[in-house]
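As you go down the protein sequences, you meet chains W and L in turn. Residue 1 is where the first sequence starts when you use the working numbering, and the numbers rise one by one after that. Residue 1 is where the second sequence starts when you use the working numbering, and the numbers rise one by one after that.
Fair warning: there could be bad hints in the mix.
According to the in silico footprint, chain W covers these stretches of chain L (three or more CB under 8 Å from chain W) [stated by the list, open to error]: (1) 88-94; (2) 144-152.
If you anchor each label on the Cβ, the simulated ranges turn out as follows [what the hints assert, rightly or not]: (3) W:R12 <-> L:G16: 27 to 37 Å; (4) W:L169 <-> L:T13: 48 to 58 Å; (5) W:P74 <-> L:Q31: 32 to 42 Å; (6) L:G6 <-> W:G119: 54 to 64 Å; (7) L:Q67 <-> W:E51: 37 to 47 Å.
In short, the hints are calculated from the structure, not lab data. From the three backbone atoms N, C-alpha and C, an ideal C-beta is built for every residue, glycine too.
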Amino acid sequence: MSTPLQVTARLRDPVTTDDHIRGPADAAVTIVEYGDFQCQFCGAAYPNLHELLRQRADTVRLVYRYFPIANVHPYAERAAETAEAAGVRGRFWEMHDWLYEHQDQLDPVHLSLGVEQVGLPPDELNAEVENRAHADRVRRDFVGGIRSGVNGTPTLFVNGIRHDGGYDLPDLLTAADAAANA
Amino acid sequence: MSDPNGLIQPGRTAPGFTLPATPDGDLLGPQQFRGRPVVLAFYPADWSPVCGDQMSLYQSAAPVFAQYQAVVLGLSVDSIWSHRAFAESRGIEFPLLADFEPKGEVARSYGAYMSNGEAARALVVLDPAGKVTWSYLSPPDVNPGADGIFDALDQLAADRKVMAG
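I would like the entire structure built from these sequences, with the hints used as guidance.
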């Protein structure tokens, strides 16, 4: 092989209108998160990302993409597909927040209650998830992530470059501010 | 830290080997998969303490590896018993090979053995004929992900298309 290949860590799938985006469209900093709803580290990062968006409301936006590691987290795929089912009804972020705020309640029975709490019809969403209506979308996110160098969850890309630092609020603020001033 | 001669480089024929893959003593090696790309993923130890560890990640990417008909083999100096427990706890279905006795012999032959007695975190992609087509040495504490592997598999597929055309 003539060209040396590098293990890179750059986002390969650009953000599009198909993505789930929270924050201003013209934000200077775009953070793409590849996350697994059953991953405890994603759960730990969740409130920090929330606070980051609150403190940098004019400069930072968050994009969420699915990266369920199903062999380790048996409920992760179903949770992701349920979030997508909520997403097609315009309620992605409400479902996303419920999932991260109830990570110990991702079994099917509690998940249905969560769907109800978000104000959506559980039976209808369950049927879609059972039919794997949203599996392709979740898989597309996953494959894009693995091709971009996602090496675990959560993985964040800050303006397209993988964030290899921590997920505490100060780490996130530092990374976001550095990207905004770059 | 790793072999002074360094990790095996593209263009070399991959050293043949077989290693125990199960507690029953079943032996596996890359030459059993001629005709398909083989990914050798050397890693320091079972039981790394994160949920997105490298081997779990590769299991979750199994459908993508399948698109390339690629075979993934994990290798460390852990015993088959450790491998089995680790694989069960993480739902890992691809083979984890035990480079256990003589310890690290295969890792050494690929230049992927560290002086601390563990395998390095090294990726080696073999083409269907068993020649090294890409290799990468990662710092031991950095999970290299799979993007480099898939780039190499893409390149392999493109090269074969050119040759066929």
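| said: Need the list of violated hint numbers for this structure, in ascending order. | reply: none
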